[in-house]
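Student: So you can see what is in the structure, the chains are spelled out below.
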Amino acid sequence: MMNNTKVIQVEGLTKLFGDFVAVNKISFEVEKGEIFGFLGANGAGKTTAIKMLIGISKPNEGKALVAGFDVFTQAEEIKNNIGYMSQKFALYDDLTVKENITFFGGIYGLSKKIIKEKTTSLIEDLELQKVTNSLVGSLPLGWKQKLSFSVALIHNPKIVFLDEPTGGVDPITRRQFWELIYKAASKGTTVFVTTHYMDEAEYCDRVSIMVNGKIEALNTPKKLKEHFNVENMNDVFLKLARG
Amino acid sequence: MSISIVNVSKSYNKVNALKNISFDVKPGELFGLIGPDGAGKTTLFRILTTLLVANEGVVKVAGFDVVTDYKNIRKCVGYMPGKFSLYQDLTVEENLMFFATIFGTTIEENYDLIKEIYIQIAPFKDRRAGKLSGGMKQKLALCCALIHKPKVLFLDEPTTGVDPVSRKEFWEMLKRLQDKNITILVSTPYMDEAALCDRIALIQDGNILEVDTPKAIVKHYTKQIYNVSANNMYQLINYLKEYPFSHSVYPFGEFVHYTDTRTNFNSNELKTYLRSKDLSNLKIDKTIATIEDTFMELAK
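Order-wise, the sequence lines are chains A and B.
Going by the numbering used here, the first residue of the first sequence is number 239, and it counts up by one from there.
Going by the numbering used here, the first residue of the second sequence is number 11, and it counts up by one from there.
The set of hints was computed from the structure by calculation and includes no laboratory data.
Treat each hint with caution, since some may be false.
[As the list claims (entries may be wrong)] As a list, the in silico DSS-like pairs of lysine-lysine whose alpha-carbon atoms are at most 25 Å apart:
#, chain 1, residue 1, chain 2, residue 2
1, B, Lys287, A, Lys460
2, B, Lys293, A, Lys463
3, B, Lys310, B, Lys225
4, B, Lys161, B, Lys93
5, A, Lys477, B, Lys178
6, B, Lys293, A, Lys460
7, B, Lys141, A, Lys296
8, A, Lys452, B, Lys141
9, B, Lys141, A, Lys326
10, A, Lys460, A, Lys477
11, A, Lys425, A, Lys317
12, A, Lys326, B, Lys93
13, A, Lys425, B, Lys287
14, B, Lys178, A, Lys452
15, A, Lys460, B, Lys178
16, A, Lys301, A, Lys244
With these hints in hand, go ahead and build the complete structure from the sequences.
Tutor: In structure tokens form, the structure reads like this:
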């Protein structure tokens with residue numbers, strides 16, 4: 239049974255590569271409109287877990303419902319109901335800002351009328367009027383990432399997955415990016431985000447920390463800090479992440 | 011000076027990647043070049059390592075001019091580019107041997123210098139470099155950059171995309187290299203790493219915003235910063251931005267860093283304003299500036 243306020247429900251999810259257990263029986267739930275931080279050291283299994291949740295990698299064991307759909311049998315429905323962005327795969331550098339928006343709108347099957355409306359509002363919101371017809375490749379990284387995030391939301395997905403969206407982005411733009419995240423969450427979109435910036439971990443409603451394929455901690459930043467008796471999330475991470 | 015940069019400019023077509031920048035790095039210093047993607051850090055590294063010629067300016071590394079004496083520089087510097095640039099089809103050991111041979115040395119001769127780093131990847135010495143994890147690639151690249159015992163080591167964003175634990179370990183490693191009298195110029199987009207350097211240069215859009223010790227740079231920040239927190243961070247940010255006297259409003263971990271435009275600012279006034287909004291658990295306290303605050307104020 240799908241609970242209406244739980245948009246991600248994961249139970250015992252496991253992924254093996256040969257003998258190697260990349261993701262080891264992880265279980266958690268994410269609420270509608272929540273900003274959920276998914277942290278872990280490099281190689282802890284975050285990307286593998288995300289790939290299963292977005293329907294591009296089949297788990298070996300366990301259960302997972304994403305936006306109400308089963309990752310084993312309804313991968314296509316999941317893809318239609320989520321947005322995804324990462325630092326690596328974002329937009330097409332050789333298309334203009336406008337062309338990228340039109341392209342992704344088309345991919346998600348939006349009508350021409352809606353794409354036109356979306357394009358106008360999105361460009362205004364991000365103040366990209368001057369570069370509407372510039373190639374995305376020519377924009378600073380921070381602008382690309384903000385645009386990429388907005389494009390990931392173009393089809394009003396229930397959940398948006400962000401894999402290290404702010405890596406290398408300048409500190410001001412990084413904060414503008416988080417304001418976009420807050421805005422999306424305040425409108426009810428669930429945000430599932432990974433980051434290596436521990437100040438950003440503090441911006442999340444709840445944070446999970448993965449260590450060697452397992453979720454070793456999951457709580458609000460405040461509770462995690464209390465539990466480990468430390469001042470900030472960086473210290474929580476340092477205490478946990480090496481197992 | 012280990013590195014001397016005087017009035018250097020570089021442009022690509024219409025883009026001015028570096029705009030008349032100057033600074034020095036002293037022998038044995040651990041010097042940080044702090045700035046975001048696109049600031050011009052890599053362009054500067056390429057000029058310093060004689061891979062790119064500046065349009066204007068004079069640059070010396072280890073006492074040699076980068077244009078007229080580039081061959082001598084290449085012998086005595088180590089360079090770890092931001093992008094993994096070792097031979098993916100060679101094994102860990104083969105890569106290291108290759109770089110040692112190129113520089114006319116052997117792994118044995120300078121093993122002391124890399125030992126501590128190399129033992130961590132030695133179990134994988136027969137694995138091809140292309141098959142290593144990110145952290146192991148980074149360690150191998152550092153070994154290869156060190157194997158000829160360079161006088162100056164250039165590290166271009168060695169910790170980008172690296173988790174906090176590995177970053178901490180990497181910086182501990184750098185500190186120990188510094189003890190062996192190697193001058194290190196390292197770039198990073200992580201402002202918290204700046205505090206670990208002897209001196210830093212803040213760079214954005216091809217301009218050097220400031221050069222000083224991390225402690226001194228923070229002191230250049232003249233405004234009083236307030237930590238503000240409430241139950242709803244997003245609403246809090248919006249209300250603070252709407253406040254007519256707000257100078258800057260930046261989320262900063264569990265707080266929002268707020269500065270006011272007035273010199274005679276009284277935080278009680280702000281509290282009264284915020285109390286009139288639908289917020290609870292309101293807190294306003296004075297705090298001190300970090301390097302990131304300083305950077306944002308300068309870059310604004």
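Student: All hints, please: hold or fail.
Tutor: Hints, one by one, checked against the model:
no. : hint                : verdict
1   : Lys287/B x Lys460/A : 24 Å, holds
2   : Lys293/B x Lys463/A : 19 Å, holds
3   : Lys310/B x Lys225/B : 21 Å, holds
4   : Lys161/B x Lys93/B  : 22 Å, holds
5   : Lys477/A x Lys178/B : 12 Å, holds
6   : Lys293/B x Lys460/A : 15 Å, holds
7   : Lys141/B x Lys296/A : 23 Å, holds
8   : Lys452/A x Lys141/B : 24 Å, holds
9   : Lys141/B x Lys326/A : 19 Å, holds
10  : Lys460/A x Lys477/A : 15 Å, holds
11  : Lys425/A x Lys317/A : 20 Å, holds
12  : Lys326/A x Lys93/B  : 14 Å, holds
13  : Lys425/A x Lys287/B : 19 Å, holds
14  : Lys178/B x Lys452/A : 22 Å, holds
15  : Lys460/A x Lys178/B : 23 Å, holds
16  : Lys301/A x Lys244/A : 14 Å, holds
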